[in-house]
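Novice: Chains as they are written, first to last, in the working numbering: chain A, 3 to 348; chain B, 3 to 348; chain C, 3 to 348; chain D, 3 to 348.
No lab work stands behind these hints: they were computed from the structure.
There could be a bad hint or two in this list.
Which copy is meant is left open, so a pair is good if it fits within one copy or across any two.
When the alpha-carbon atoms are kept at most 25 Å apart in a straight line, the in silico BS3-like pairs for lysine-lysine are as follows [said to hold, decoys possible]:
| id | residue 1 | residue 2 |
| --- | --- | --- |
| 1 | 68 | 13 |
| 2 | 123 | 281 |
| 3 | 13 | 29 |
| 4 | 13 | 65 |
| 5 | 68 | 281 |
| 6 | 68 | 123 |
| 7 | 281 | 13 |
| 8 | 68 | 29 |
| 9 | 65 | 29 |
| 10 | 13 | 74 |
| 11 | 281 | 65 |
| 12 | 123 | 74 |
| 13 | 74 | 281 |
| 14 | 74 | 29 |
| 15 | 123 | 13 |
| 16 | 207 | 74 |
| 17 | 123 | 65 |
| 18 | 123 | 207 |
| 19 | 207 | 13 |
Spelled out, the chains give:
There are 4 protein chains.
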Amino acid sequence: MIVVMRSAATKEQVDAVVARIEEAGLKAHVSVGELRTVVGVIGDDRTKEQLRGMLEAMEGVEKVVKVLQPYKLVSREFQPEDTVVEVGGVRIGGPEAVVVIAGPCSVEGRDQVLSVARAVKAAGARMLRGGAFKPRTSPYSFQGLEEEGLRLLAEAREATGLPVVTEAMDRRQLDLVVQYADMVQIGARNMQNYTLLREVGRVRKPVLLKRGPAATLEETLLAAEYILSEGNTQVVLCERGVRGFDNHTRYLLDIGAVVVLKQLTHLPVIVDPSQAAGKRAYVPGLARAAIAAGADGLIVEVHPDPERALSDGPQQLRPAEFTHLMRQVWAIAATLGRAPASLTAV
Amino acid sequence: MIVVMRSAATKEQVDAVVARIEEAGLKAHVSVGELRTVVGVIGDDRTKEQLRGMLEAMEGVEKVVKVLQPYKLVSREFQPEDTVVEVGGVRIGGPEAVVVIAGPCSVEGRDQVLSVARAVKAAGARMLRGGAFKPRTSPYSFQGLEEEGLRLLAEAREATGLPVVTEAMDRRQLDLVVQYADMVQIGARNMQNYTLLREVGRVRKPVLLKRGPAATLEETLLAAEYILSEGNTQVVLCERGVRGFDNHTRYLLDIGAVVVLKQLTHLPVIVDPSQAAGKRAYVPGLARAAIAAGADGLIVEVHPDPERALSDGPQQLRPAEFTHLMRQVWAIAATLGRAPASLTAV
Amino acid sequence: MIVVMRSAATKEQVDAVVARIEEAGLKAHVSVGELRTVVGVIGDDRTKEQLRGMLEAMEGVEKVVKVLQPYKLVSREFQPEDTVVEVGGVRIGGPEAVVVIAGPCSVEGRDQVLSVARAVKAAGARMLRGGAFKPRTSPYSFQGLEEEGLRLLAEAREATGLPVVTEAMDRRQLDLVVQYADMVQIGARNMQNYTLLREVGRVRKPVLLKRGPAATLEETLLAAEYILSEGNTQVVLCERGVRGFDNHTRYLLDIGAVVVLKQLTHLPVIVDPSQAAGKRAYVPGLARAAIAAGADGLIVEVHPDPERALSDGPQQLRPAEFTHLMRQVWAIAATLGRAPASLTAV
Amino acid sequence: MIVVMRSAATKEQVDAVVARIEEAGLKAHVSVGELRTVVGVIGDDRTKEQLRGMLEAMEGVEKVVKVLQPYKLVSREFQPEDTVVEVGGVRIGGPEAVVVIAGPCSVEGRDQVLSVARAVKAAGARMLRGGAFKPRTSPYSFQGLEEEGLRLLAEAREATGLPVVTEAMDRRQLDLVVQYADMVQIGARNMQNYTLLREVGRVRKPVLLKRGPAATLEETLLAAEYILSEGNTQVVLCERGVRGFDNHTRYLLDIGAVVVLKQLTHLPVIVDPSQAAGKRAYVPGLARAAIAAGADGLIVEVHPDPERALSDGPQQLRPAEFTHLMRQVWAIAATLGRAPASLTAV
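Given the sequences, and given the hints that come with them, work out the whole structure.
Specialist: Put into structure tokens, the structure is as follows:
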């Protein structure tokens, strides 16, 4: 950690900074430049992180520059090799496999979820998604079938062998989701719901953690760190678009985030092209880009009849469109030496 | 609601849209232009809102334009006169009073919170803030004194008469906060935690709802609508900066949001200059701007010794700096015909 | 065009809007809803566009909704088939070919540019890039070799047969660039330099137009419309990243923009992964994503010795890295039925 | 400047970095931490800045942290006292005066500009604005009266004594503007048009430089540095809103930028609330906020008949609205010890 003093900082201010550092049990290394004095801080990382804000608050300090990243368990430096997350027999992460998760935005009924599950499995999907508890911007929108939705997802898993991922937004929902599903999704709106992150960190189920629309990569990795620090290391990150300024797409897919995250962390990284696109016509291009960029998988919304969907109809692919997309996805994955994950549980 | 068809839309596609509208019990009004056909939708608002995504998902549809806002209870159209929220005898909202809430970022100990409470009261603050449960980006940062912090806040209220606002992040914390505090804060990270919004909507305490850093004004108003729709109409909105691209300030204070929200909604709107600034030196300018723009109040972080603060030291004002700022704030408020709120409870 | 009146609009205000529309020679169609009155405007597009701001300025008007896009010559509705831009025998655009442009950020000397030109040609690049006039954020940074740089680019073309693209920032530079180069680049910082757009619209050379970092897609297309409206239809659009809030990458590559632009316009769309990445390690992932998303080509920075580059060293690939990337690019292009453009001029 | 090495950096990589620094005539100071090695770079600033990109491009380097700002002439460190820019007898900048510039978006005719000039002068404006050359997003929009517009502005100055500011977008326009006007505006779209910045730097007229909608404060200050480095020190900066994600306002007014810029630079800083608001109803709140935040002035659009304005009608105030706003502005300015600038030339 490096403390950069203002050019007008007095000797007393520099001395106070040094004293503050030493008082915390760390070592200070002062370097007097022509225009500015810089103080290096050496010692225990945790202590440094706690001291950072205090030093920034001191008179004469211009800024404090971190040399180390504030996250640890999730970083590649801590664990160089890829984490592989196993969900009901499907392995996500590692250099070879690409995993596609697909299904309806919301679970709306038995026929709907079963027909979609069969169709996406036939096209190569290896996990089923479907919302039972739906976070909706408006309190007046359809909020999901709740436990009935979970039951239908479990039924679809019985019928197809596809493990199931679905979202939980609070402790009560989490208890239910854990009973029925194979993986718990923490949605973008709850990425910094630290209570929920800690709770899901204590659960024995893998977690799909979506990046918030204004979250930096550091904030995203620290959200994952909350989960890992509670003992649950089975976390998959998901880029789903950040808040942009052009309204042709619903969110701005940050494809660079996929590339960067794969270098910063050992956790698997997948992409949700449906949320980002907001429009069916834009989903395939984003999905292909994600795989080409190096994502470990996709989560795609598919609906048998989008114009009757109870949520997000405009962005859901029809099964035939999904099947066509999957052919492109597998071809691109192959150029990078990757193949569809196998479905050992079936 | 207006459905704009693509220029290449076929007659069959237009007919299908009309049929879909009529099937939902609404009326369609078709207008054929030279290049495009436009279909007006007339009838019940709730039904229209539910139909919107379905129509957007149909073939041949370019976009669906809302004519009405998706929120209702929070809108000025629904209630033209200002809502006045009463918190322990202090009235927030309405054309005359300006309410300043002040206190430490985190409650750290009895002396700290008592000394700050007395200092900010003397300078004209009418409510006390202080975090007992702290949402921290890193799991390794100080997380608050929890119930002990609540007790100290209550003690400071006894000593000064200042009503207390503090944050709750989940149901358990909410139950505790409601026992000790006069107003519940929902933080920016939880603005779209719909479970929490519904729970706080069922509580008999006023709510301070902070805008999320990537939330549109419509999303912010819909978050408030969640609370009002559960029966709790005592909601104060708070602008605290959105995610920007320049790192001199921590967030980008959206001063225009204050101006716009005051027109869109009858709820009081206050501003948090401390979170937005991230640096003590920038807080006064933002605070003055907020009052000049028409905000109904401020929430400001004050600490007796920022360089020893356990959270957000760099952005906390010292008591003397706060006192100086308050003089400017009251002078600006006076030019707009506004004055400090009275503290009836003392 | 549709005028949405406020719910509180008076009959006089609606009448005034109708009168204003009819005065301009257009027809007004009034539709009175339960809560709001909506006025449709029918007639000549140009007149409607001019009237739009005036109507928005009238009392009682809430908003004016465009039904038609404000651009014409660049739109797919105006010209459904792809434009193919020919640059010195290389054809950019159309469903089959993918064109890769590569070369150093700045031209720094004969050996540098010749060695890069030969290396990128061998790897499959079909055009040479290189800055002779450099737009630099700081006035104290290296500003390019100017005309000497253009001469070296022309020499490299003689040696390799690769057509050359290079940037011009004003009229004087444009006159020189036109003499030496095969295509003129308008950089992101000048995307809304309308004088320059008009001038390049009158030149008989193809244009590479980069999207500005805060430009909406509509603004980008209108910038191209400036060029086409002057008679130059040979325009290639380039996405190079927008301003984002995370500093791991230099800009946030808007991969969705590629997908959307390919639907909105008939002009070719290419991607600059180097500017967006800002770091060599992130370039390949972005480049692969661009091709997978459907881009018609890439423009990539390559330098024989990045740690001695006079500009943007961190983001320039070494020739061997570029060669490796090209193999991946051609493999991905092939999965979409596309191949490297041919180099007929050699 | 500080070079942070990757944790996996080898001794050879560190040695290469040190060698590169010394080869450039600078001194390297190596500090080996537990996890990372950090190399301080000491010596001439210009050389350091040139070396920065090269060091970042080297193997084993994680990032290079600047300790010094890249701008010089515009910084408060270089010149602590406020610059006061004199425009036709009106002084902008310094702790006492607040200068309001007002006038129509576009000059549309003699009566329009004269009537507005008289009205805004009566309300306390001390300079006249009005566009003769208009940068318009669409090539089909009204582009200004050009030289005829300049003549009308000069005529209005004769009639009222108000000095005139108007925009130039290229060299030819600049030559004309210099003949007729008292101050040259460089618009937001041309903030990084470096050719134009250099040209206006060689002119003997004060410059109003608007911040681009995606420009960081550092980029904005470096744009001003271009002008100062050519010898023209008479530059006023203008915040006019950055690109935001909510469409209620046209741009997001970055009020914090005013506060920060006043600390970073000695140049005067004013605010354009009209461009940011995009809607008349939002202008007064933004204007008041700007003065309260510490801006040295405002530039406000005023039109006698906004619903007939040829550009930006919705955001132009009527003269009576402007007069009302000015009363509030002067009252707020007074609370900060500031008063309207005097108009010595009349």
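Novice: Kindly indicate which numbered hints from before are broken by the structure, ordering the numbers from low to high.
Specialist: 6, 12, 15, 17, 19
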